[in-house]
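**Q** Each chain, letter by letter, is given below.
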Amino acid sequence: MWQKVYEDFKDRGFTIVSVAMDTPEAARRFIEAAQPGYLTLIDRDHHVSALYNMLNVPEAVWIDETGRIVRPPENAGWFDGFRKRNRTTGEMPEVEAQLMATAKTVYMDAVRDWAANGAASRHVLDAAAMSRQLRKPDDDIALAHAHFRLGGHLLRSGKDAAARPHFEEARRLHPQSWNIWRQTHSRNEMGFASGPEFWARVDALGERRYYEKVNIEGMP
Amino acid sequence: MITILTDQQPLHVTPAGPTDTGLWLTRDDVTRATGFELKPEGLCKGDICVPLPRHGTPLVDGSGAVDVAAFWRHMGQPVVHDEARTTWVLASGARERAAALETFEAPDFRLPDLDGRMHGLSEQRGKKVLLATWASW
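Chains as they are written, first to last, in the working numbering: chain B, 1499 to 1718; chain E, 14 to 150.
For the record, the hints were derived by calculation from the structure and aren't laboratory data.
Beta carbons: idealized from backbone N, C-alpha and C, even for Gly.
Treat the hints with care, since some could be wrong.
[As the list claims (entries may be wrong)] Cut-off 20 Å, straight-line C-alpha distance, at most; resulting in silico cross-link-like pairs (EDC-like, lysine to aspartate or glutamate):
hint, chain 1, residue 1, chain 2, residue 2
1, B, K1582, B, E1705
2, B, K1602, B, E1715
3, B, K1711, B, E1594
4, E, K140, B, D1509
5, B, K1508, E, E136
6, E, K140, B, D1611
7, E, K140, E, E118
8, B, K1634, B, D1624
9, E, K140, B, E1563
10, B, K1657, B, E1523
11, B, K1602, B, E1592
12, B, K1657, E, E96
13, B, K1502, B, D1611
14, B, K1508, B, E1563
15, B, K1634, E, E118
16, E, K58, E, D42
17, E, K140, B, D1506
18, B, K1711, B, D1701
19, E, K140, B, D1562
20, E, K140, B, D1607
21, B, K1508, B, D1607
22, B, K1634, E, D121
23, B, K1634, E, E109
24, B, K1602, B, D1578
25, E, K140, B, E1505
26, B, K1634, B, E1710
27, B, K1634, E, E115
[What the hints assert, rightly or not] Distance windows between CB atoms, simulated:
hint, chain 1, residue 1, chain 2, residue 2, range
28, B, T1600, E, T70, 58 to 64 Å
29, B, E1563, E, P125, 23 to 29 Å
30, B, R1670, E, R108, 18 to 24 Å
31, B, A1627, E, Q21, 32 to 38 Å
32, E, E136, B, A1531, 22 to 28 Å
33, B, K1634, E, A97, 31 to 37 Å
34, B, R1585, E, G59, 51 to 57 Å
35, E, T99, B, A1531, 38 to 44 Å
Whenever a hint applies, use it, and build me the whole structure from the sequences.
**A** Right, dumping it as structure tokens:
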């Protein structure tokens, strides 16, 4: 999804670091199919999620030339249209498809503006706006990531039964994290954690978003 | 042999005492696992020294072994272990993580690519970096 903006701006001091909140086994076919020119890293323990206090994918952080964050972690332009998809036929209402396309375009245009203009981009946030938008982790979130880490290690050591209570504890402690929930939940034959329990959880959001609204003008 | 998971690579060590009451490691293993060194002023890493609590159950025994789990919790950071008490996680606490984010300095990390080669975020310094996550699930 980032290939075009990468190609257009890679010679102008811009790059992309893509991080898969995933196992290398599951991520491999996607990376090999896309063959992106930019760096693609594998984060099976969701270390980056823990460091940056991320909740879902895709999220993105803008980091300037000096290593300073100029937009904190946020939804990278996805819209909740999938919730209005007909769950039998898979059909997407036209209006929702339009909103999804708009969200992606608005976000990508913002990235392009920053890639071209750097600090002068109107999408670069000042310290006050950064503070408002920054989600800070609490004790439960930090503990959830510790349990997730332990569960992951136990799972890779073949100790599935020992891993399970730690994944459950991670989900309980950090219910807002779709990353933890979906990574530790059973998958269908397509590799998606999108069974009835996923949909029940999405429906329980009610008016709240699955992909949180991005604070960029024109964003649906 | 037990396994200790920190932000670095997993460390396999022989504990210096029974693990039913804590996680006792030899002086050297404490440093290998956490980077903290036992000094007269407390447990120190770089310029930072954490004084040992004066009251309650001691964190250090006569041989210089340290109950790292108790020390970690003393610093307000999470410790979790499996039921067998053979795998331990010494994690970063919320306060430390939140304080790091509040500086707006992008937290650095090292992760492998598909071929297992390690890359650090800070190697991209000098460029604008879009750090973007995704997943197959």
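**Q** All the hints need checking, so say for each whether the structure fits it.
**A** Verification of the hints:
Restraint check: the Cα-Cα separation between K1582/B and E1705/B comes to about 13 Å, which is no more than 20 Å; the hinted pair holds. Restraint check for K1602/B and E1715/B: the C-alpha separation of about 13 Å stays at or below 20 Å, so the hint holds. Under the criterion of a C-alpha separation no larger than 20 Å, the hint pairing K1711/B with E1594/B is consistent with the structure, at around 15 Å. This hinted pair checks out: K140/E and D1509/B have alpha carbons roughly 10 Å apart, not beyond 20 Å.
In summary, the hint linking K1508/B to E136/E is supported, as the alpha carbons are separated by about 15 Å, within the 20 Å threshold. Under the criterion of a C-alpha separation no larger than 20 Å, the hint pairing K140/E with D1611/B is consistent with the structure, at around 15 Å. Our distance criterion of 20 Å between C-alpha atoms is met by K140/E and E118/E, whose separation comes to about 15 Å. Proximity of K1634/B to D1624/B is assessed by CA-CA distance (about 17 Å); at most 20 Å being required, the pair is judged to hold.
Taking the CA atoms of K140/E and E1563/B, the gap is near 5 Å; set against the 20 Å cutoff, the hint holds. For the given pair, K1657/B sits about 18 Å from E1523/B by alpha-carbon distance, which is consistent with the 20 Å threshold. Between K1602/B and E1592/B the CA atoms are separated by roughly 16 Å; this keeps the pair inside 20 Å, and the hint holds. As the CA atoms of K1657/B and E96/E are separated by approximately 11 Å, the hinted pair is consistent with the 20 Å bound.
Taken as a hint, the K1502/B and D1611/B pair is honoured in the structure, with Cα atoms around 14 Å apart against an allowance of 20 Å. Only pairs whose Cα atoms come within 20 Å are accepted, and K1508/B paired with E1563/B is accepted, the gap being roughly 13 Å. For a cut-off of 20 Å, the pair hint linking K1634/B to E118/E stands: about 14 Å separates their Cα positions. A threshold of 20 Å between alpha carbons decides the hint, and for K58/E with D42/E the separation of about 14 Å falls inside it, so the pair holds.
Restraint check for K140/E and D1506/B: satisfied, since their Cα atoms lie roughly 14 Å apart, inside the 20 Å limit. Distance restraint check for K1711/B and D1701/B: the Cα-Cα separation of roughly 17 Å lies within the 20 Å cut-off, and the hinted pair is therefore satisfied. In summary, the hint linking K140/E to D1562/B is supported, as the alpha carbons are separated by about 7 Å, within the 20 Å threshold. Restraint check for K140/E and D1607/B: the C-alpha separation of about 19 Å stays at or below 20 Å, so the hint holds.
For the suggested pair K1508/B and D1607/B, the alpha carbons sit about 16 Å apart, so the restraint of at most 20 Å is met. As the CA atoms of K1634/B and D121/E are separated by approximately 17 Å, the hinted pair is consistent with the 20 Å bound. Note on K1634/B and E109/E: the hinted pairing holds, with a Cα-Cα distance of about 10 Å set against a maximum of 20 Å. With a CA separation close to 12 Å, the supplied pair K1602/B and D1578/B stays within the 20 Å bound.
Annotation: proposed proximity of K140/E to E1505/B holds, straight-line Cα distance about 14 Å (limit 20 Å). Between the alpha carbons of K1634/B and E1710/B the distance comes to roughly 16 Å, so the proposed pair stays at or under 20 Å and holds. As the CA atoms of K1634/B and E115/E are separated by approximately 8 Å, the hinted pair is consistent with the 20 Å bound. The hint said 58 to 64 Å for the Cβ distance between T1600/B and T70/E, and at roughly 60 Å that hint holds.
Separated by about 25 Å at the C-beta atoms, E1563/B and P125/E satisfy the suggested range of 23 to 29 Å. One distance hint, 18 to 24 Å for the beta-carbon pair R1670/B and R108/E, holds here, with the actual separation near 21 Å. Distance hint check: the CB atoms of A1627/B and Q21/E are about 34 Å apart, consistent with the given range 32 to 38 Å. Between E136/E and A1531/B the beta carbons are some 26 Å apart, a value that agrees with the proposed interval 22 to 28 Å.
Between K1634/B and A97/E the beta carbon distance is about 34 Å. The supplied range of 31 to 37 Å therefore holds. Here the CB-CB span from R1585/B to G59/E is close to 55 Å, well matched to the stated 51 to 57 Å. Between T99/E and A1531/B, the C-beta spacing of about 39 Å keeps the proposed range 38 to 44 Å intact.
In the structure shown, no violation is registered for any of the earlier numbered hints.
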